[in-house]
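Colleague: Sequence:
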Amino acid sequence: MKFGINSVLTPVAIALAAMSVTASAATLRVANQGDALSMDPHSLNESLQLSVTGNVFEPLVTRGRDFKLAPALATDWKQTSPTVWHFNLRKGVKFHDGTPFTADDVIFSYERAKDDGSDMKSYVGQIKEIKKINDYSLDFITSAPFPILPELFTNWLMMSKKWCETNQATKPVDRRKGIENAASFRANGTGPYRVRERQPGVRTTFVRNGNYWGKIDGNVDEVIFTPIGNDATRVAALLSGEIDVMEPVPVQDVDRIKSNPKFKVMQGPELRVIFLGMDQKRDELLFSNVKGKNPFKDKRVRQAFYQAIDIDGIQKTVMRGAATPVALMLPPQVNGFDASLSKRLPFNVDAAKKLMVEAGYPAGFEVKMNCPNDRYVNDERICQAVAANLSKIGVKINLEAETKGTYFPKILSRNTSFYMLGWTASTVDVHNVLYPIMSSPGEGGRGQFNLGAYSNARVDELTQKIGSETDLKKRSEMIHEALKIHQDEVGHLPLHQQALNWAMKKNVDLVQLPNNDMIWKFVKVNP
1 MKFGINSVLT PVAIALAAMS VTASAATLRV ANQGDALSMD PHSLNESLQL SVTGNVFEPL
61 VTRGRDFKLA PALATDWKQT SPTVWHFNLR KGVKFHDGTP FTADDVIFSY ERAKDDGSDM
121 KSYVGQIKEI KKINDYSLDF ITSAPFPILP ELFTNWLMMS KKWCETNQAT KPVDRRKGIE
181 NAASFRANGT GPYRVRERQP GVRTTFVRNG NYWGKIDGNV DEVIFTPIGN DATRVAALLS
241 GEIDVMEPVP VQDVDRIKSN PKFKVMQGPE LRVIFLGMDQ KRDELLFSNV KGKNPFKDKR
301 VRQAFYQAID IDGIQKTVMR GAATPVALML PPQVNGFDAS LSKRLPFNVD AAKKLMVEAG
361 YPAGFEVKMN CPNDRYVNDE RICQAVAANL SKIGVKINLE AETKGTYFPK ILSRNTSFYM
421 LGWTASTVDV HNVLYPIMSS PGEGGRGQFN LGAYSNARVD ELTQKIGSET DLKKRSEMIH
481 EALKIHQDEV GHLPLHQQAL NWAMKKNVDL VQLPNNDMIW KFVKVNP
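Numbered according to my numbering, the sequence shown terminates at residue 527, and the numbering increases by one at each position without gaps.
Honestly, the hints are just simulated from the structure, not real lab data.
Ideal Cβ positions, reconstructed from N, Cα and C, are used throughout, including at glycine.
Please note that the accuracy of each hint is not assured.
What the hints assert, rightly or not - Straight-line alpha carbon distances no greater than 20 Å define the calculated PhoX-like cross-link-like pairs of lysine-lysine that follow:
1) K392 to K354
2) K368 to K291
3) K121 to K171
4) K91 to K78
5) K368 to K281
6) K281 to K293
What the hints assert, rightly or not - Each pair of labels, with its calculated beta carbon distance range:
7) D139 to K162: 50 to 56 Å
8) K262 to D139: 52 to 58 Å
9) K262 to F365: 48 to 54 Å
Work out the full structure, taking the sequences as your base and the hints as a guide.
Modeller: Following this line, the structure appears as structure tokens:
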């Protein structure tokens with residue numbers, strides 16, 4: 001129905017319109033195996049954290065339903081010279097407290113994201129400086145030519161300079177040290193949803209931002225996010241109707257939920273690779289019975305671990321087929337994947353034992369393995385299977401599995417000898433794996449998540465060049481060389497690409513993105 005400027009609504013029509021709005025509004029109850037550990041979008045570079053806070057805060061550049069780059073707080077951008085990107089900002093945008101969003105907030109968010117306490121340094125590490133042209137226009141100057149800068153911005157979320165200064169939250173909280181401030185519990189973004197109530201580890205309630213600048217395709221007015229760590233409890237909550245959406249679905253329950261006519265399961269490949277890392281820097285491991293030396297500095301030991309792991313067995317028995325073994329630190333869907341390097345070293349216990357003997361550890365050794373139990377699909381069970389595999393070459397694994405709330409602060413401070421991590425290339429480009437994971441730890445977020453400090457000068461050199469190279473042939477050749485060096489040196493132990501499994505009531509329509517982001521403004525709850 002359309003009304004002209006002279007149309008008059010009767011009281012009955014007004015009442016019917018109000019009823020229609022109320023009927024279309026919906027509450028979405030979401031459960032995940034873990035919680036977003038903070039509302040501070042710069043405090044932890046972890047997918048669930050960024051997925052949740054990404055509904056409250058926004059980046060300059062986002063990804064749409066088709067996962068392609070799309071304007072967000074920036075309306076357009078272009079590379080005006082090899083080291084300069086010009087961005088125009090969206091006018092009329094306000095933070096949840098009514099403060100206008102301007103270039104000053106972008107510059108503030110840049111300084112904040114590169115601060116020592118930030119976990120987002122690798123997203124802004126290529127930026128040398130930002131020049132403000134006016135309130136809605138900026139130039140980003142990069143240290144070297146960097147053609148994929150917009151792709152890097154999709155997870156860098158904007159914060160209010162005024163709000164942070166007023167609330168003594170100008171620096172991000174450092175999850176490694178357990179530090180918290182106002183931004184840990186409260187949020188003031190520009191996004192489609194606001195934080196109404198925050199109970200860490202219990203429940204967080206979000207409500208629709210009535211002054212949102214953009215379009216909200218869905219009809220969800222309220223989101224109740226509840227962490228439920230126990231798989232069986234999470235599934236029971238869905239089947240009993242207590243929640244509307246859950247992820248991840250335990251692989252053993254996928255078929256059961258699929259067979260229930262009241263529910264549906266969404267599945268697809270995730271961009272995440274699950275891998276194991278080893279401390280290759282310390283002269284003596286923090287948590288091992290080997291004294292005076294570090295066995296992980298020896299490639300033969302790293303390769304022995306690799307070849308002792310029965311990845312096909314893990315895929316079949318632990319993951320029930322919901323994973324694809326990988327030989328590289330990135331999946332085939334990421335730009336730069338090299339199929340010629342995608343063959344794993346063979347699972348061979350005898351070869352692994354021989355390597356251990358050659359390295360001087362015929363009887364093996366003890367080492368502590370750190371593992372989360374509520375972050376990745378079947379994470380603790382994978383670690384248990386790895387420990388059982390390694391016992392066959394004389395390695396005794398002292399497994400320490402714990403909630404991600406304590407796990408991440410520990411391993412991100414490099415207080416580990418042997419650990420599990422999952423990584424999603426958020427830019428969908430190999431550089432976002434080479435730079436934060438495979439490069440030597442250094443300035444600007446380089447190697448920030450290379451927690452075992454694997455280091456190769458040639459890989460570092462190639463990574464820098466790959467970031468700047470526009471000739472696709474030359475870039476591919478450099479990518480091949482860097483990946484092969486890392487693979488030949490067994491810099492990390494890649495395991496598998498895990499699959500996405502979301503379950504929901506039949507009347508809930510979601511958009512599932514390969515980076516595992518759940519965008520609430522796309523969700524529709526049907527009658």
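Colleague: The structure should be examined with respect to each hint, and the outcome stated for every one.
Modeller: Hints, one by one, checked against the model:
| no. | hint | verdict |
| --- | --- | --- |
| 1 | K392 to K354 | holds, 12 Å |
| 2 | K368 to K291 | holds, 14 Å |
| 3 | K121 to K171 | holds, 13 Å |
| 4 | K91 to K78 | holds, 18 Å |
| 5 | K368 to K281 | holds, 16 Å |
| 6 | K281 to K293 | holds, 11 Å |
| 7 | D139 to K162: 50 to 56 Å | violated, 23 Å |
| 8 | K262 to D139: 52 to 58 Å | holds, 54 Å |
| 9 | K262 to F365: 48 to 54 Å | holds, 52 Å |
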